[in-house]
Amino acid sequence: MKTATGNFFEDFRLGQKLTHATPRTLTTGDAALYTALYGARFALQSADSFAKQLGLPRSPLDDLLVFHTVFGKTVPDISLNAVANLGYAEGKFLKPVYPGATLNAVSEVIGLKENSNKQTGVVYVRTEGFDETGDKVLSYVRWVMVRKRDVNAVVAESSVPKLANAVSPDAFVSGMDFSKFDTAACGSAHLWDDYAASEKIDHVDGMTVEEAEHMMATRLYQNTARVHFNQYTEGKGRFGKRLIYGGHVISIARALSFNGLANAVKIAAINGGRHVNPLFAGDTVFAWSQVLEKAEMAGNCGALRLRLVATKNLPCADFPDKDSEGQYPDNVILDFDYWAVLPRRI
Amino acid sequence: MKTATGNFFEDFRLGQKLTHATPRTLTTGDAALYTALYGARFALQSADSFAKQLGLPRSPLDDLLVFHTVFGKTVPDISLNAVANLGYAEGKFLKPVYPGATLNAVSEVIGLKENSNKQTGVVYVRTEGFDETGDKVLSYVRWVMVRKRDVNAVVAESSVPKLANAVSPDAFVSGMDFSKFDTAACGSAHLWDDYAASEKIDHVDGMTVEEAEHMMATRLYQNTARVHFNQYTEGKGRFGKRLIYGGHVISIARALSFNGLANAVKIAAINGGRHVNPLFAGDTVFAWSQVLEKAEMAGNCGALRLRLVATKNLPCADFPDKDSEGQYPDNVILDFDYWAVLPRRI
Amino acid sequence: MKTATGNFFEDFRLGQKLTHATPRTLTTGDAALYTALYGARFALQSADSFAKQLGLPRSPLDDLLVFHTVFGKTVPDISLNAVANLGYAEGKFLKPVYPGATLNAVSEVIGLKENSNKQTGVVYVRTEGFDETGDKVLSYVRWVMVRKRDVNAVVAESSVPKLANAVSPDAFVSGMDFSKFDTAACGSAHLWDDYAASEKIDHVDGMTVEEAEHMMATRLYQNTARVHFNQYTEGKGRFGKRLIYGGHVISIARALSFNGLANAVKIAAINGGRHVNPLFAGDTVFAWSQVLEKAEMAGNCGALRLRLVATKNLPCADFPDKDSEGQYPDNVILDFDYWAVLPRRI
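Residue numbers (the working numbering), protein chains in the order written: chain A, 1 to 346; chain B, 1001 to 1346; chain C, 2001 to 2346.
Please keep in mind that the hints were generated in silico from the structure rather than gathered at the bench. Owing to the predicted nature of the structure, the values given are computational and were not obtained by experimental measurement. Hints may contain errors.
Just a few of them, taken from the derived set where beta-carbon distance is under 7 Å, the chain B residues facing chain A [as the list claims (entries may be wrong)]:
| id | residue |
| --- | --- |
| 1 | K1002 |
| 2 | A1021 |
| 3 | R1024 |
| 4 | T1027 |
| 5 | T1102 |
| 6 | E1132 |
| 7 | A1212 |
| 8 | N1230 |
Where a beta carbon is used, it is the ideal one built from N, C-alpha and C, also for glycine.
If we strip away everything but chain A, and leave its shape as in the complex, we get (with noise of 0.2 Å):
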């Protein structure tokens, strides 16, 4: 049999290490697909010379583009078999990702839980993305329900691991200086400082998804979810279409956060997120934000946790959300969790 088939529940082992296939050179290339597909503005990424102000050589590569390539590579070996995507864990972003690197993953199998029904179990890996020098570039813990080969087969003990809520901001290493950040160039006043806990931000703009789109998005990252490309065979399935890439709805909704978090340049961690519902090509995306949180950082930075919730077909001035049980409603499809730098007043 020489056509992959994915690892199924049973063959999973803690402590189990998996060195994933295709490593990828990124370029200006891909940063370019990366604006054409989602419109991000977000200065540091769009223009060198803004990065050179910041102290960087050039603008890096969109933290996502650098998040959706490691994780597409995990997926031949952790999710061909997978349920769902249930959640992402302690993703932290450690050294900037310029056009011209090379990138690869490697994941580590940390939990294992079958689930009571012994068809699926939950397999949490932690993934780390490396460049082309070895340096980790980043890590992240994801957690997704995989389906068993066989019901009867005998697997690991359970084993859940202890995540961190968030992720520290004591571990951001920025390596900008901020003290030259043009607010004019990134098209907003607003700084650091004058976001208050708590606060909620109505992104206003929408964005309609085709799936010429999501599918170039999600082989781009060289992700192989067969859901996303296969109308024949989703057509006769749970939803009779293809599911976009929960990644390409993550880009959306952070494109969308440009609105009202411009000078939100850079992405520092993800501390949690979940898809909470599906999208299809022909729903539109909204976005709203929430500040959960703020910590000063070094030099004239500081970071903020945000909340980042996204719906379908439904815009956002009323900030839909889950109701008191922890429910959410049908139109809202990602509530994701994540630390972002912006400059700080001095």
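Fit chains B and C to the supplied structure of chain A, relying on the hints for placement.
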């Protein structure tokens, strides 16, 4: 309020300068996307080897890619509350832009005229695009009808600028040596000398437009005009669908014009342009050109002033045009007036 | 008449050489688009680091991107008036093409045969692609059925070239050192030795095609064949819809074949190929391969001669194929015969 709401008519003042956000580094990635979106085949922008023969260091970016990028930056400040983009004038391409250049844009309000209904007014701006060295690469005037926030707001006194009917060819600096111009590489033997004033050319080919394409293009230009992206809102609006960015039409028509104008490798100036009817996804664009004027240039160059007319769902063998009263048929979507540079017989 | 009308059958002469227009500089931007359009994951084209391990300076561009680019240049001269693209033979990839290379193409008419209905004839051309140093990077033969302008026109005497059934592996120059071939990076442990002649592989995955995707691809190749772009005209035509460029099918099938042939990182030659049924947007492509022949190569390389069969809306677990009389079922769209290079066990 952290979300940008854009300027309304009463917010503009004569002489006001607006420094637009998000500088943008254009790369070969953007050039590749431009090719994929329009299929342009002009040799100067297609092949470094051809550009070198004309004395340039490499292929410059397409003039219209530069135009759309600069234009895109102005949208959040000038036309977020626009009803209609009314026209262009005095567009000059002043310096070739190469991959790696970072563009930014500044506009000056050069005219204001409230409409008699007091609901809207016309704003005239001269927009200038600069590269990272501070050199001016593009200058053009556009005027746009903008809503008032408050019908009763006091507005600036009316002042309508005098605009040149056409850019004078004296101003053109080609910076290229056309003595080694390789017409075989361009695919046409027709030199400047072979075109007669008033000659009409049917460009024959048609190009159907998809939602994914125009949205990717418009995001590539970081153009945030909402009508192009949001089916949820536009579905309830004037047309019931997303409106395609007018610049997308110009680029399609220019690419179609290759068939008949293959040696017109460079746009020197934009004399004027009007989007006379909207274009929607699913429509097929056709185009024809008319030679309006001819001008010799230094070296072996000549300039043709061309009228480029685009239609939707209507082939151009009969050169569909406005009637004697200046009214355009519904199928005509663009009337664009520009100068192009061609090789001249020695 | 300034608009190109293309050559008709009676315009071709045996031995005629056609220098095709529009040289094209390929960049990392084109490579990124190629990834986004097909999702190819072969490590050689994906990662500079992998290419360096094999002794190359960086990742070469995908062989098929080179093929489509050279092919595209020939369309305005060879097949603008074609009824059908009948076949390929003797395709040789002679030099790796890296980002930054500028390609141009020349064709020689090597065969002509009028059809008995006098309406059309078959034109055989050998096309050669060159880079900006004048080195030949690609050579292939194709034959195509072309309309006559005038049914009564006198045509050249019939001459049908003898074409090799397959390219001889003796001709292959891999230029790569496979002794450090990293199969883990490729995602498969299956070496050349592990494939048996006549073995069949179902590539399992399916890929649905959208209009925006195939048009972007075909424009990227500057292929101007009208049937791919113009719904207005094609809607009234034979199929009622736009026909997808056959090369798009080859690239999709090749990308799907990664799953089962992950170490087949390089196409050495194209022995033959036929587009046996049309593909349209909305269809889902599947593929299977059969090993036709094996050949050892110098160093640690081996070549597999592979038949790559693509279907639409039909999974390939049963290896759908032509019948005993050589007739293909309607769902089979491509029958492609090529040599691929893999690492060989020492």
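To see whether the hints hold, each was checked on the structure:
A cut of 7 Å between beta carbons decides the hint on K1002/B: the least distance to chain A is about 4 Å, and the hint holds. Interface hint at A1021/B: satisfied, since its Cβ lies 3 Å from the closest Cβ of chain A, which is below the 7 Å cut-off. Contact between R1024/B and chain A, as hinted, is supported at the beta carbon level, the nearest pair being about 5 Å apart and thus within 7 Å. A distance limit of 7 Å between C-beta atoms decides the matter here; for T1027/B the minimum to chain A is near 4 Å, and the interface restraint holds.
This hint holds: T1102/B has a C-beta 4 Å from the nearest C-beta of chain A, less than the 7 Å allowed. A hinted interface residue such as E1132/B counts as satisfied when its beta carbon comes closer than 7 Å to some beta carbon of chain A; here the least separation is about 5 Å, so the hint holds. Using the Cβ-Cβ criterion of 7 Å, the hint placing A1212/B at the interface with chain A is satisfied: the shortest such distance is roughly 4 Å. Taken as an interface hint, N1230/B checks out: its beta carbon lies about 4 Å from the nearest beta carbon of chain A, inside 7 Å.
Checked against the numbered hints given earlier, this structure breaks none of them.
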